[in-house]
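Produce the entire structure from the sequences given, and follow the hints as far as they go.
There are 2 protein chains.
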Amino acid sequence: MSEDILNNNYVYWMEAKEGSNSDIVISSRVRLARNLNNLPFPHLLNEEKGLHTINTIKNAWEKSPRENLKDMTLFTFNQLTNLDRQILVEKHLISPNHAASNTAYNGLLVNEQGSLAIMINEEDHLRIQCFLPGLQLSEALNCAQTVDDALEENLRLAFDENMGFLTSCPTNTGTGMRASVMIHLPAFVITGQINYLYQNVSQLGMTVRGLYGEGTEAIGNMFQLSNQVTLGQTEEDIRSKLDSIAGQIVQQERMLREKLSNEMRYQLEDRIGRAYGILTNARVITSNEAITLLSDVRLGVDIGILKGINAFALNELLVAIRPAHLQKKAGREMESFERDVKRAEVIKEKLLREKRQGEDQDV
Amino acid sequence: MSEDILNNNYVYWMEAKEGSNSDIVISSRVRLARNLNNLPFPHLLNEEKGLHTINTIKNAWEKSPRENLKDMTLFTFNQLTNLDRQILVEKHLISPNHAASNTAYNGLLVNEQGSLAIMINEEDHLRIQCFLPGLQLSEALNCAQTVDDALEENLRLAFDENMGFLTSCPTNTGTGMRASVMIHLPAFVITGQINYLYQNVSQLGMTVRGLYGEGTEAIGNMFQLSNQVTLGQTEEDIRSKLDSIAGQIVQQERMLREKLSNEMRYQLEDRIGRAYGILTNARVITSNEAITLLSDVRLGVDIGILKGINAFALNELLVAIRPAHLQKKAGREMESFERDVKRAEVIKEKLLREKRQGEDQDV
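Each protein sequence line maps, in turn, to chains A and B. Under the working numbering, the first residue of the first sequence is numbered 836, with each subsequent residue one higher. Under the working numbering, the first residue of the second sequence is numbered 836, with each subsequent residue one higher.
No lab work stands behind these hints, which were simulated from the structure alone. Hints are supplied without guarantee of correctness; some may be wrong.
You can't tell identical chains apart in this list, so a pair holds if it fits in one copy or across any two.
[As the list claims (entries may be wrong)] Dumping the calculated EDC-like pairs for lysine to aspartate or glutamate here, alpha-carbon to alpha-carbon at most 16 Å:
1. K893 - D906
2. K1164 - D839
3. K1183 - D1105
4. K1164 - E838
5. K1164 - E1151
6. K1177 - D1105
7. K1142 - E1189
8. K1164 - E1180
Computed from a prediction, not measured in an experiment: that's the story for all the values here.
Structure representation (C-alpha cells):
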C-alpha cells in the first residue's frame, strides 16, 4: 500500500546496492513539467478549475492500461495533515512549496516504493518525477517518459510547435525536463576543491544546490547537480550531458578520496572515528550536526575505514532523522529539544544495530 | 623494585578505592622542606658541597632503622636520562624545576609505590613528600612527620628557635610544610562557580593552582588546593584548616553535581557520552583535549552515568598519556603528532578494556 509511504522511513532511492557509483551518487532524478491545455497555470487556478484539473489528471491515470501506473495512490492534500505533507518533503517526493498547500486540488500520485511521484498542481499541473538510487539517469529518464506517454494518451497538454512544452515558469519551457543527481562530495570539500566545482559546473550550464533543492544550504557535503537549460536541447542531450559531468565529478571525488587516504590517513581516520563516536554516544543532536557527522561516517564506510555499516542504513537515516519523520515515529508533536533527543536515540540505535549485524556476518 | 617506577604507569595515589571522597579528591600530599645546618642552600651549592649534602642525607637514610625508609631507592640525576626525569615529573614525584638538573647531587629517594618521595637539592636540601589517594591529609602528614623524625635522628637541620625551619625561599620558613589536595571540580566549572571559589579560597589563606602546580593552567577541571602560609601555625593547624576547606568544597561540588543531574540531565548525559565516544574512537588526540574529555568521563563515572570504568584507570590514564610516559612505552622519542596518535591508542585500549571487564563483572 502506498499509504505506507507516510508511515515508514523507506523510499526506493535509498537502495544503494541497486544503483551504480552509489559510493558517491546517492540518487538520480528526472522530472518532466507538463500542463493541461486551456487551463490556467496552478497559481491562477480557482477551486472549480483546480478540481477540474486534478479530476482530468485522475481520469487519465485511471484509464491508462500501463503497468507502471497501476500500483499508485492519489493523495489529495486536504486529506493529509501538515505532518504527512512534511513526511513527503523529507522523502524528496514533493517540494516544500507544494507541501504548503492543503487544497483538494493539490495532490500527489505516488507508487508504493516512492520511485515514481507525480506532483499535481505544484508549479505546473503535472510534475512527473522518477527517483532511482545511484547514477541512473537513463533509467530515470526512461521511466519518466513512459509515464508521460501513458498520461498523454488521455490528456491534452499545453504544447507549442516552436517552444515545446509550455510551463508556468519560462525557465522550464521546452522539454520541461530537469535531471538531477544527489552527490556526496566530502573529499571535494575537505580539500577545498568544491569552489572550483561550483564555478566549472555553472559554466557548463549546470547548477549545484544543497540537499533540499533551490535556496537550501549544502550540509553534510551533499550536493544536487542539475541542468539549468530546458529549451533548445533534446531530453537525451540533457541527460547525456549531465551523465557525463556527473561521471567526471565521481572520478575526481574518487581520486581526491584516494589522495586523502594516502596523504592524511590518520587525520581522516580520526575525523571518521570521532564522527562515529559522537553519533553512537550523543544524547542530544541537531539535524545539521547529525547530517554533517553522517557525511563523515558515510565517507568512512565508502573508503573502508568503517566496516559493517550499509549505505542503505545511512540513506535511511538521512530521512529518518528529519523533524516530521521523528514526530511520526514518536506519534506526537515534539519541540525542537525533544526532537534532538529522539534524533540522537534513532541514530545510536540504527548505527549500533548495523554494527552488530555487520559483526554477526563476519563470524 | 623502585626502578619499576621509571617503567610503569603506576603511583600509589592512583588507588582511588583506598582514599576517602575519591569521587572528587584525586590525591592528598604533604611536603616538608628541610635544610642541613651549615651548608649553603641548593642554588648556591658547588659540586663539592653538593656531593657532601647528598652523601650526608644518604648516610642518614641508610642508618635509619625505620621500616618506612627501608624499601626506598636513591636515584641521582646524573644516572637518569632526561626522559626518566620527565617520567618522575609526570607522576608528580618531582617538580619540573628539579627535573631540569642532571648533577650527581640532585636526586630522589623514593619508595616502591611512589607514596613517599624525597627530593634532594631541589629548592631545599630535602623535600619530604607523602602522596596518598583521596582526602587523607592526616595520614599524609603523619607519614611525612615520621620520615622527618627518622632522618633528623642522624641529621643536623637548619632550625631557628623563633622562625622554625629555615628554607631557601622565605615563604616556606616555619613549618616548611605545604599540604595540598588535587581536586576534580567539573560541576564548579560547568556552573560558573569556580571563579567564586578562587576568590574565597585566597581569602582563607589558601591557593588554587592547575594540574602541574605553580603557573600551570587548570585543565581537565583539576585544581590543586594548598596552604599559602607556613609560618606562625603548627603543622596540625595547617592540615586541619585545609582538611576543613577541602571538605566544604567536596560538599559543594557534590551538591552542584546533584543539581546538574536533576536540572540538565540530557545535556549532561550528552556531554559525557560525547566525551566517551570521542575518546574511544579518536585516532589523533592532544594531551589537553584528552585531559578535558577524561574529566567529563570521570564525572560520568562518579555520578553513575557511565558504568564499568574504574577511577583507578582514569587516574592511571592521566599519567599514561603524558609525553614522557608515551615515549617510554613506545621505547623511543616521538614527535608531537606521533604522540597524539599513540595517546589516542592508549586511551582507546584502556577504556575499551575497562568496559569489557565491567561487562564481564555484570554477568
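Hints versus structure:
With identical chains, the CA atoms of K893 and D906 are at most 16 Å apart within one copy only, with a shortest distance of 14 Å there and 94 Å across copies. In this homomeric assembly, K1164 and D839 come within 16 Å of each other (Cα to Cα) only inside a single copy, at 13 Å, whereas the closest approach across copies is 58 Å. Taking CA atoms no more than 16 Å apart as the test, K1183 paired with D1105 passes between copies only; the shortest distance there is 12 Å, against 19 Å inside one copy. In the homo-oligomer, the alpha carbons of K1164 and E838 lie at most 16 Å apart inside one protomer (15 Å), although the nearest pairing across protomers, at 61 Å, exceeds that limit.
In this assembly of identical chains, K1164 and E1151 lie within 16 Å of each other by CA distance solely inside one copy; the values are 14 Å within and 44 Å between copies. In this assembly of identical chains, the alpha carbons of K1177 and D1105 lie at most 16 Å apart only when taken from different copies (12 Å versus 26 Å within one copy). Within a single copy, K1142 and E1189 get their C-alpha atoms as close as 10 Å, which meets the 16 Å cut-off; across copies the closest is 23 Å, which misses it. Proximity of K1164 to E1180 under the C-alpha cut-off of 16 Å is restricted to the intra-copy arrangement: shortest distance 12 Å within a copy versus 39 Å between copies.
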